[in-house]
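Undergrad: Sequence:
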Amino acid sequence: MFSALSFILAYLIGAISFSIILTKLIKKEDIRRFGSGNAGATNTLRVLGKGPAVAVLLLDILKGIVSILLAFAFGLSDWGIALTGLAAIVGHVWPIYYGFRGGKGVATTIGVISMLLLVPGAIAGVLAILAIVLTRYVSLGSLIFTIATPIVALILGNYPSSYVIVAGIIAVISVWKHRANISRLISGTENKIGSGAKKSVN
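Count along the sequence shown starting at 1, add 777, and that's the number in the working numbering.
It is possible that some hints are incorrect.
To be verified - Below, simulated BS3-like cross-link-like pairs (lysine-lysine); rule was C-alpha separation at most 27 Å, straight line: (1) K801 to K827; (2) K827 to K804; (3) K969 to K804; (4) K969 to K805; (5) K827 to K969; (6) K801 to K969; (7) K827 to K805.
Hints were generated in silico from the structure; no laboratory data involved.
Construct the complete structure from the given sequences, taking the supplied hints into account.
TA: The structure is reproduced here in structure tokens:
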């Protein structure tokens with residue numbers, strides 16, 4: 778019973794889209810109609826600027842942290858804790874409040890990973906940041922972070938298999954959500970960080 782409650786609450790927490798909320802408050806627009814069409818921190822940077830983007834990033838990370846703390850409070854098993862984190866990310870990506878059209882879940886993933894796989898996540902995060910600094914492609918860094926985390930966790934060992942498996946599932950979701958970005962990266966047409974927010978065609 779506590780597991781089901783934890784999953785549901787985590788999903789509902791994850792489904793709160795701060796990028797949509799802030800853009801509605803500040804710009805009176807739906808952020809999904811601009812830039813990449815994504816409801817996340819990077820598109821918030823394009824649409825609203827640095828301050829709101831940082832706020833969205835931190836709040837989305839907090840959703841992942843709070844969800845894991847909730848699972849700990851319920852005394853769930855390793856699998857229950859890991860799946861609670863996954864539920865928060867699923868909520869962000871497919872939010873019930875916004876027609877199941879959310880973001881890519883990377884910031885919420887950072888929150889979840891920081892609680893479950895801190896060292897592997899930190900190593901993957903350094904690689905991701907280097908990639909972003911060198912290429913200015915946030916999508917590339919996001920993909921490196923989500924894909925590298927379970928790989929590094931496997932290499933380092935000593936982590937619950939449930940955590941590593943769920944991190945692998947998160948990586949698959951991330952690749953799926955970034956499929957258009959991957960196509961643009963291959964063709965050389967991907968938006969770099971700092972590019973303007975044109976009306977979305979998505």
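Undergrad: Against this structure, judge whether each hint is valid.
TA: Status of the hints after comparison with the structure:
1. K801 to K827: Satisfied, since the Cα-Cα distance of roughly 17 Å is no more than 27 Å.
2. K827 to K804: Holds, at roughly 15 Å.
3. K969 to K804: Cα-Cα ~23 Å, so holds.
4. K969 to K805: The hint holds at about 25 Å.
5. K827 to K969: holds (15 Å)
6. K801 to K969: Roughly 24 Å between the alpha carbons, so the hint for K801 and K969 holds.
7. K827 to K805: The hint holds at about 18 Å.
The structure fails none of the hints (numbered hints given earlier).
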